[in-house]
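Take a look at the letters that make up each chain.
2 protein chains.
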Amino acid sequence: MEKITVLLGDRSYPITIAANLFDDPTSFWPLKPGDRVMLVTNETLAPLYLNNVRLILEQADIRVDTRILPDGEQYKSLEVLNQVFTALLEGSHGRDTTLVALGGGVIGDMTGFAAASYQRGVRFIQLPTTLLSQVDSSVGGKTGVNHPLGKNMIGAFHQPASVVIDLNCLNTLSARELASGLAEVIKYGIILDGDFFDWLEINLNALLALDSAAMAWCIRRCCELKADVVAADEREGGQRALLNLGHTFGHAIEAHMGYGNWLHGEAVAAGMVMAARTAERLGQFTSVQTARIIDLLKRAGLPTNGPSEMRAEDYLPHMLRDKKVLAGELRLVLPISIGAAQVQSGVAHDIVLAAIEKCIVNPTF
Amino acid sequence: MEKITVLLGDRSYPITIAANLFDDPTSFWPLKPGDRVMLVTNETLAPLYLNNVRLILEQADIRVDTRILPDGEQYKSLEVLNQVFTALLEGSHGRDTTLVALGGGVIGDMTGFAAASYQRGVRFIQLPTTLLSQVDSSVGGKTGVNHPLGKNMIGAFHQPASVVIDLNCLNTLSARELASGLAEVIKYGIILDGDFFDWLEINLNALLALDSAAMAWCIRRCCELKADVVAADEREGGQRALLNLGHTFGHAIEAHMGYGNWLHGEAVAAGMVMAARTAERLGQFTSVQTARIIDLLKRAGLPTNGPSEMRAEDYLPHMLRDKKVLAGELRLVLPISIGAAQVQSGVAHDIVLAAIEKCIVNPTF
Ligand SMILES: NC(=O)c1ccc[n+]([C@@H]2O[C@H](COP(=O)([O-])OP(=O)(O)OC[C@H]3O[C@@H](n4cnc5c(N)ncnc54)[C@H](O)[C@@H]3O)[C@@H](O)[C@H]2O)c1
Ligand SMILES: NC(=O)c1ccc[n+]([C@@H]2O[C@H](COP(=O)([O-])OP(=O)(O)OC[C@H]3O[C@@H](n4cnc5c(N)ncnc54)[C@H](O)[C@@H]3O)[C@@H](O)[C@H]2O)c1
Ligand SMILES: [Zn+2]
Ligand SMILES: [Zn+2]
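Those protein sequence lines, which keep their order, are chains H and U. Take 1 as the starting number for the first sequence in UniProt numbering and just add one per residue. Take 1 as the starting number for the second sequence in UniProt numbering and just add one per residue.
Check each hint, because a few of them may be wrong.
Given that identical chains are not distinguished, each listed pair holds provided it fits within a single copy or across any two copies.
[Stated by the list, open to error] Mimicking DMTMM-like on lysine to aspartate or glutamate, the simulated pairs with C-alpha atoms at most 20 angstroms apart in a straight line are:
1) Lys151 / Glu79
2) Lys358 / Glu224
3) Lys298 / Asp65
4) Lys151 / Glu90
5) Lys358 / Glu177
6) Lys358 / Asp198
7) Lys32 / Asp193
8) Lys151 / Asp96
9) Lys358 / Glu2
Keep in mind the hints are simulated off the structure, nothing from the lab. It should be emphasised that the depicted structure is a prediction, and the values quoted were computed from it without experimental measurement.
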């Protein structure tokens, strides 16, 4: 078992990582006998895990209500969020209730925002079930829903009381979703920790085989790395921006291809190669380093080129519309070595175009 | 002009109170040339004040978009809130935008919650236009919307960057809404400040005549009193509960009569008399003190008895359903003198019933 504490003063909380955690009532600290819970999940996860978690909690004398939401990013909306409030009010849940999110990032973000807003804030526990949500959304306190005119536009910062990661969940996750999570894992290595990147090169096969010890350590390290960034910089700003490596390029792919056709991690994987190529052209990164990144992404089953439907010119309009852009100037996270990155403003458009070009002329995926 | 600062560390903010503030661009600190604003108001207030405020801001080189919402407590909902998000996104407002609420508590609560949630939090300025919102909702940072199953059930704590109270607004407010605000004013005197209660007895006529100097001082004192309570106790708990004097009884009236038939302040006025009568029966308050309260409320044009449609027994079920109730036990805010009150648990039901009875047998309103 791996356990870390995300340090945020009086809102610090533990992340526990191991197999079989959902079979052990003590996993669900700080819940205690007599507490009430609203367990929120989706239609895909309910048949797999809901009864198990519910029974374990009920055996510990916790009163459990449940709400099963439809599955999909398109349901991460204010309307579906309202269903959670309705369930809470129909069940007469008070300020002392706890919302428990059982699912990936969609369920986590929505349930977290419901917890932030219900009676102006109640307790919240995360049980993330995708690798992406385990290594990313369980740290940082960002919660929210989408608006038809923009993703994640409505939300709150609300820290969970605890995060419980049962590695068994990954057994039912599709290979494609697993790989998508690995893209974010590899990202942490590139931007913050060269030793971790080395470790990933050695242990990638164990991760793909869902080896518990390797996976627990991997998730732990990612959470630590993100927690360090977040603790230093809770409300966004300098450091936190590094977490967007590959994302500005990736968002262009997601937007152009229509959300859902490329998974987020897939788009980020291709985007990280584009960022590496841009850094190469700026003379701050070597092609040998880029080759290591490409190699690791490929082994993880991830794309390292953009979609063949997109030309280099298709990227820029999306990238300039990105939240991180100020006044038409391209601000990009770019690597400076394997294990370090920085935000760079005013990167010349032709350099970026040439870097993207390099990731589409010879499609290898 | 009266000016106070609500002390909340790095979220401290000023409240400025005077006539003609909306005609002076410097009132709208911290807005500065080049800033963007989304001005939110309702259909009643738009023809009265919107153009004026918009022009003054535009003259100060601030880019103003506006959103006019329907008027009424029934529109304080997640659906109408979403209209504000749509307007923000359609106008491409970024994290550096400022939401400005021009209206009473309904517009203030909704706009504040929109500001708390848009892109996880943007700046917010309040221009409260009812006496109630000037003395109550402009301090404390509570924002939110209603759910069909409960009032104010969805929301956030989000402090404004500044509150600007233009006393001229009160000229167009109906006498009934003005009186409703005075109920909360009188409440502050009873629970926290006997000298202020004395001052109100002397100056009530000046307030009813909307004398600017008297009104500015009155609003200032109420904001100070609430700010002191809130600063000591930002997230609810002991002290803050005192602000609910008369409210548990009052909510019973509002709920039984159907929301909107009795104005909130009217129900609170009758409720405060019921609380005083309860305190009398507990031997901690005198009938002479109650008479002073009744006299002042009557002069303000407020009811001092419950509605003739309600019997004493009609109150208890509502009161026991109140948020402030734990496990069937009545917890009430009761006065102990004019200028001091306390929260009391386990008040015997028959004492409460007898106190209510005393406020319905001889209807005087
Ligand atoms: N809050 C944050 O900091 C943060 C960070 C990153 C991403 N996000 C958000 O997270 C969301 C993406 O998260 P995601 O990738 O987890 O997507 P997701 O929640 O949509 O899950 C992906 C799919 O896998 C299914 N699934 C989840 N766990 C499973 C399991 N154990 N077995 C079988 N199927 C399973 C889901 O039902 C879904 O169909 C986005 O909305 C994104 O905005 C938030
Ligand atoms: N956030 C808080 O701490 C807090 C505190 C108390 C009350 N509230 C909330 O405030 C709301 C009640 O506020 P309210 O009493 O201001 O009601 P309101 O906002 O509905 O205003 C009452 C009526 O007066 C009209 N009006 C407002 N200003 C006017 C003016 N200057 N001239 C003419 N008409 C005017 C409005 O259009 C409305 O029809 C409730 O929703 C309540 O929950 C919040
Ligand atoms: Zn990502
Ligand atoms: Zn009130």
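Consistency of the hints with the structure:
| no. | hint | result |
| --- | --- | --- |
| 1 | Lys151 / Glu79 | both (15 angstroms within a copy, 18 angstroms between copies) |
| 2 | Lys358 / Glu224 | neither (34 angstroms within a copy, 64 angstroms between copies) |
| 3 | Lys298 / Asp65 | neither (43 angstroms within a copy, 48 angstroms between copies) |
| 4 | Lys151 / Glu90 | between (29 angstroms within a copy, 14 angstroms between copies) |
| 5 | Lys358 / Glu177 | neither (26 angstroms within a copy, 68 angstroms between copies) |
| 6 | Lys358 / Asp198 | neither (25 angstroms within a copy, 80 angstroms between copies) |
| 7 | Lys32 / Asp193 | neither (38 angstroms within a copy, 42 angstroms between copies) |
| 8 | Lys151 / Asp96 | between (30 angstroms within a copy, 18 angstroms between copies) |
| 9 | Lys358 / Glu2 | neither (40 angstroms within a copy, 65 angstroms between copies) |
In summary, the structure is inconsistent with hints 2, 3, 5, 6, 7, 9 from the numbered list given earlier, while agreeing with the others.
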